Structures are given as C-alpha cells and as structure tokens.
Amino acid sequence: MKIIVAIKQVPECDAQVRIDPAGKWIEESDLQYALNEPDAYALEEALQLREKHGGEVIVLSAGPERVGSTLREALAKGADRAIHVVCNDLGARDALGIARLLAAAIKPENPDLILAGLQSEDLGLGQTGVIIAELLDLPHATLILHVEKTGTGFTVKRELEEGWFQTIELPTPAVLTIQSGGNKLRYATLMGIKRAKTKEVRSVTATELAVDAEPVVLLEQVTLPQKQKSTQMLPGTAKEAAAALVEKLKFEVHVL
Amino acid sequence: MSGVLVIQEERGFGRNRISLEALAAGRILCGLTGLSLESAVVGDSKTPVLAETSGQPPATAYAVAHPLLANYTSDGYVLAFEQLIQKLQPSYIVFPHTYQVRDFVPRLAARFGQVLIADVTALEAGPSFVRQLFQGKMNAKYSHPGNGPCFVSVQAGAFPADPVTAGTANIVPFVPEIADASIRTRPGQPFRASAQTVDLASAQLIVSVGRGIRDAENIPLVQELAAALGAELAASRPICDNGWLPMERQVGSSGQTVSPKLYLAVGISGAIQHLVGMKGSQCVVAINKDPAAPIFEVADYGIVGDLFEVVPALTQAVKAARQ
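If you're matching them up, the sequences are chains A and B in order. The letter at position 59 of the first sequence is residue 92 when you use the numbering used here, and the numbering goes up by one with no holes. The letter at position 283 of the second sequence is residue 289 when you use the numbering used here, and the numbering goes up by one with no holes.
Hints listed in this document are in silico derivations from the structure and should not be mistaken for laboratory results. Check before you lean on any hint, since a few could be wrong.
Derived DSS-like pairs (lysine-lysine); straight-line CA-CA distance at most 25 Å [unchecked claim]:
#1 B/K325 / A/K283
#2 A/K283 / B/K285
#3 B/K285 / A/K262
#4 A/K283 / A/K272
#5 B/K267 / A/K262
#6 A/K262 / A/K283
#7 A/K272 / B/K267
#8 A/K57 / B/K325
#9 A/K232 / A/K281
#10 A/K260 / B/K285
#11 A/K281 / B/K147
#12 A/K182 / A/K85
#13 B/K295 / A/K260
#14 A/K260 / B/K325
#15 A/K281 / A/K260
#16 A/K260 / B/K267
#17 B/K93 / B/K147
#18 B/K52 / A/K281
#19 A/K182 / A/K35
#20 A/K281 / B/K93
#21 B/K295 / A/K262
Bear in mind the structure is a predicted one, so any value in this text is a computation, not a measurement.
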C-alpha cells in the first residue's frame, strides 16, 4: 500500500508569537518550528498501516527551505521518502492554493491512501485534506481515529461531537484527515535519525507544478484578541498568589 | 448573486442553538451588505429546526430532501448544496461550524473555486471576517475580494441567538438530483465508546489540567489539589490523547461540556476546542506560565507562574482554609 502523508511545519505550540510590523502576519525570524501535532498522528497511522500491510510511506510538505527539517524528522520516524514543494510565498496562498500545490505533487504518485492531520496549529483552517480530496476527485472522511484496511478499501472510526463515534467504509484510493489521540506517537530513534540522512527528499517548485498563487480570500490583518472578561491577576510569589486566590474562592466565589 | 443563505444543521429538538446562531450571523451579514436572508436545511418541511427561529425569520427556508440524504455523507451533502447554490446564486453562504460542516463544506467551497472562511468569531464592515489563529493567541481579519459565493462558518457561541420563537418562514421543498453511485462512502450508525462513569456536566467544582503538566508522573499534583477542593478532575485533549487521564475526563468540543461554579484551569493554554467546553463556567481561574495564554481571556482570576510552585502552594492554602 502506498500512503502519502501531507504534513505541515508550524511554530512550536508554546512559542511566543509576535505580530510583524506590517500587522499582516507574525515575526518569523526567531521562531522555533515543529511538526504540526495532528500531522504527527497522521504519520503514526501511516507507519502502523505500513507495518501491518507493507508498502511505502511518503511524506509531503509545502513551504520554504526550513520545512526540510520537519521532513527529515518524519523520515527519522520511519517514512520512506519525502517530497518537498518548495514555495516561499505560502502566506500569499489560501487553503485552496496550497491544496492545489499538494494535489499536483500527489497526482503522479497514484497513492492508495492520502492522510493529513485534521487541522494546523497555526491557521487552524482544517481544510487542506478535504480540498485535496475534491481536487483529486477522491472520497474522503475527516476526524479519523483509526484506519483498517479491508478487501476493497478502508473501514475508519470517525469522531463525532460530545463523545460519539461512527464507522465509515470508503473505497480505495481515499483521503482521510486524522484526529489526535488515536495512536501513541513514536519518537525517532538514533538509528532512525541516521537512516533519515540517506533517504530521498525530492524537491519540486510551485512553478514546476504549474499552480498559480491567486487567492480568493485574503488575510488582511493580524491583531491581538480583545479580552472577553476583566481578569483579576493575582501577583506575588506562588505562596502569596495561592493565599490571595483562597481568599477569593472563600469570600467572592463562595466555594470554600 | 442575490442574498445571504444560512445553511442550518438539524440536531434534534432543543439542540439547534448553533443553527440559530448561524441565522443571527446571517442577519448581521445582511445588515452589512443590504442583502436579504434565506435559509436551508436537509430534511422535510417538518424538520424541527424549521419550526423555530430567533429574531426576524428568513423570508424563505428551503427543505432539502432526498432519500440519499437520510444519513449524512459528504458526497451527498456536497451534491445537494452545490445544486441549491447554483439555483439561488447567493453572495454569502453561512454555516454553523460543526464537525459535519468541517467535513463537507471545504469540499463544497472548492467545487466553486472558493475557500471556506472557517470558524468566524465576528463580522465587521466590508464585510470582513474575524477568526482566530495560533489556537486563540491571535485574531485575523479576512476579506473575500473575488467574485463568486463567499463561504463562511461561524463559531459556536460567537453570535448570540435571540430568544427562540416559532418559525414563520415560507418553507419551500428542494429536491436535488443525486445518483446512488455518486455516494462513495458508507456511514455507520453513531455509537458511544463506553458508558460514561464520570459526569463532569453536573460537577460544581472542577480542576482541569493541560499540557503544562508536562508528564504523566506529575498528574498527582493536580489530583491532590482537586481532592483538597472536593473537585472533579478534568483535562484538555492532549492529556487524554497521551493516555495520562481517561478520555471521559476530557472537556471541550470532542469531550464533555461543563458549567461548574468553579473551573480551575492548570497549565491549559485555552485553545478554542477547549474553551467551547467550559466557557459556561460561573468562575474561571487560570494558572499558566504564559501571560499571553488565551485562557486568561476568559478567566475571572489569573495567576501567571510556574504551576509546579503555584499548585502545591494552593493545595496547602486550601487545606489550611478547610480546617
């Protein structure tokens, strides 16, 4: 089985993000980047399917040169090879534009299964996988926690709201977006990291893929959110803050 | 291009608030654009969501009915709404941001060469659409300058619905053409994983723990605080994903929705998926090392500090106060 996993490099989840001077995006210069966590679960699902059924796991990511380190990390965890869609204007493309790049890179590979994390931790649009399915005219399912291969396709466990689940059957090839928590994530081993250095990372540019960047929606401005409540901050040492909070819980919230 | 079309989602009697909120958002968009409001839902004319409205009802409500829509599939819904949109040519299409909408609307929008502006929290003149970035740490304003319909989904709780009144819209049936073969997936009936033994929904006091706890072996720290307060222990999704606490203790869009007297969030940054599950709490206390963590936006009391110092100190102080 040939599986392509679309992954994204995002700022580390506890990174202190700051707005850039133009107010259009964030300061990228001093950020640390990591693999988007839902994508890590998508990769894990792919690796487990390969361990059970054999085949190949290809990781795919679009972005500037720095994305290479995240692709290497995925190779170190066990992916067989990588495709890097080199593109320095990711921010100028909307979700459809980025999905077009990824779909164009996927198409000649003819995979049996395409996986992506259900959403990114930076933009949180949660659409890339679904749009890829539309562009490639493949069936899809989202919020998937578990994938089982059947004779003709896949049986997947989909998360619904409020603790409900559902099983869905899909023919192959298909696109699935993976919810976090379905598997336990693996770490790259030293051997894996060593091996990753010799694995193939193929670069392809947006121009070569003949995908234009014209967006239909524009991100105009990034701002800090307005507070919804006036928060009373309790300063001081841990002990002082704790004592102040107990006072509040006792005399204002009336729960002690 | 004519109006604002709100596509509602039938979730059963008394559970359609998010669809009424989508209607409220649609009405705001009408105010900003001077367009008129229409709505649509999958179902027949007796579908419960059509029987209620809040505020000025839409002029026309389309009941989109077809035997192949009886069980939700993305293929079926995309085909049905593609045809409805082609017929009505709306300028804006507004959805509640539900799991179902996340499943099919990006595909529907792409079919029109469009992108869903997802999980919108505010509408402003222009119109522009405000949504969150970096799990709530930032807001972003989007515009849709191009031609063609603009697809928008709205966050639960972001557009308060007016009190519910009886629906008076003119209900018009719409029967899309859907062939059997065009539905490629086979959905099963929804099920629950196991009987819930922890009822967080009725808990009065909740201590909830997030990623800041760093490791499973640190969980007892918050367990002791919960015990001292007589509170239930809950968690954000990453804690349950890692298996550090059982899934049934998860608060948020994929877990339980709670509304205790006190919600004490320890090491929880406050991603929207978590906030939707707890923002009905009467009093929210947040302990977090990052002063910019979005949890502080909904907190009544905040302590910026190292939870590994603050939590033991708080446990001690609570015990002392209880004596």
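Do the hints match the structure? See the list:
1. For a cut-off of 25 Å, the pair hint linking B/K325 to A/K283 stands: about 12 Å separates their Cα positions.
2. Distance restraint check for A/K283 and B/K285: the Cα-Cα separation of roughly 22 Å lies within the 25 Å cut-off, and the hinted pair is therefore satisfied.
3. For the given pair, B/K285 sits about 11 Å from A/K262 by alpha-carbon distance, which is consistent with the 25 Å threshold.
4. About 17 Å separates the Cα atoms of A/K283 and A/K272, which keeps this hinted pair within 25 Å; it holds.
5. Distance restraint check for B/K267 and A/K262: the Cα-Cα separation of roughly 16 Å lies within the 25 Å cut-off, and the hinted pair is therefore satisfied.
6. Note on A/K262 and A/K283: the hinted pairing holds, with a Cα-Cα distance of about 21 Å set against a maximum of 25 Å.
7. Of the supplied pair hints, the one linking A/K272 and B/K267 holds, its CA atoms being roughly 24 Å apart against a limit of 25 Å.
8. Restraint check for A/K57 and B/K325: not satisfied, since their Cα atoms lie roughly 49 Å apart, outside the 25 Å limit.
9. Of the supplied pair hints, the one linking A/K232 and A/K281 is violated, its CA atoms being roughly 58 Å apart against a limit of 25 Å.
10. The straight-line distance between the Cα atoms of A/K260 and B/K285 is roughly 13 Å, inside the 25 Å bound, and the hint therefore holds.
11. Distance check on the hinted pair: A/K281 and B/K147 sit about 37 Å apart at the alpha-carbon level, beyond 25 Å; violated.
12. Of the supplied pair hints, the one linking A/K182 and A/K85 holds, its CA atoms being roughly 9 Å apart against a limit of 25 Å.
13. Simply put, B/K295 and A/K260 have alpha-carbon atoms about 18 Å apart, close enough for the 25 Å limit, and the pair holds.
14. Between A/K260 and B/K325 the CA atoms are separated by roughly 32 Å; this puts the pair beyond 25 Å, and the hint is violated.
15. A threshold of 25 Å between alpha carbons decides the hint, and for A/K281 with A/K260 the separation of about 21 Å falls inside it, so the pair holds.
16. For the suggested pair A/K260 and B/K267, the alpha carbons sit about 21 Å apart, so the restraint of at most 25 Å is met.
17. The hinted pair formed by B/K93 and B/K147 fails the criterion: a straight-line CA distance of about 30 Å is larger than 25 Å.
18. Restraint check for B/K52 and A/K281: not satisfied, since their Cα atoms lie roughly 50 Å apart, outside the 25 Å limit.
19. Taking the CA atoms of A/K182 and A/K35, the gap is near 12 Å; set against the 25 Å cutoff, the hint holds.
20. Our distance criterion of 25 Å between C-alpha atoms is broken by A/K281 and B/K93, whose separation comes to about 58 Å.
21. Straight-line distance between C-alpha atoms of B/K295 and A/K262 comes to about 19 Å, which keeps the hinted pair within the 25 Å bound.
Of the numbered hints listed earlier, those contradicted by the structure are 8, 9, 11, 14, 17, 18, 20.
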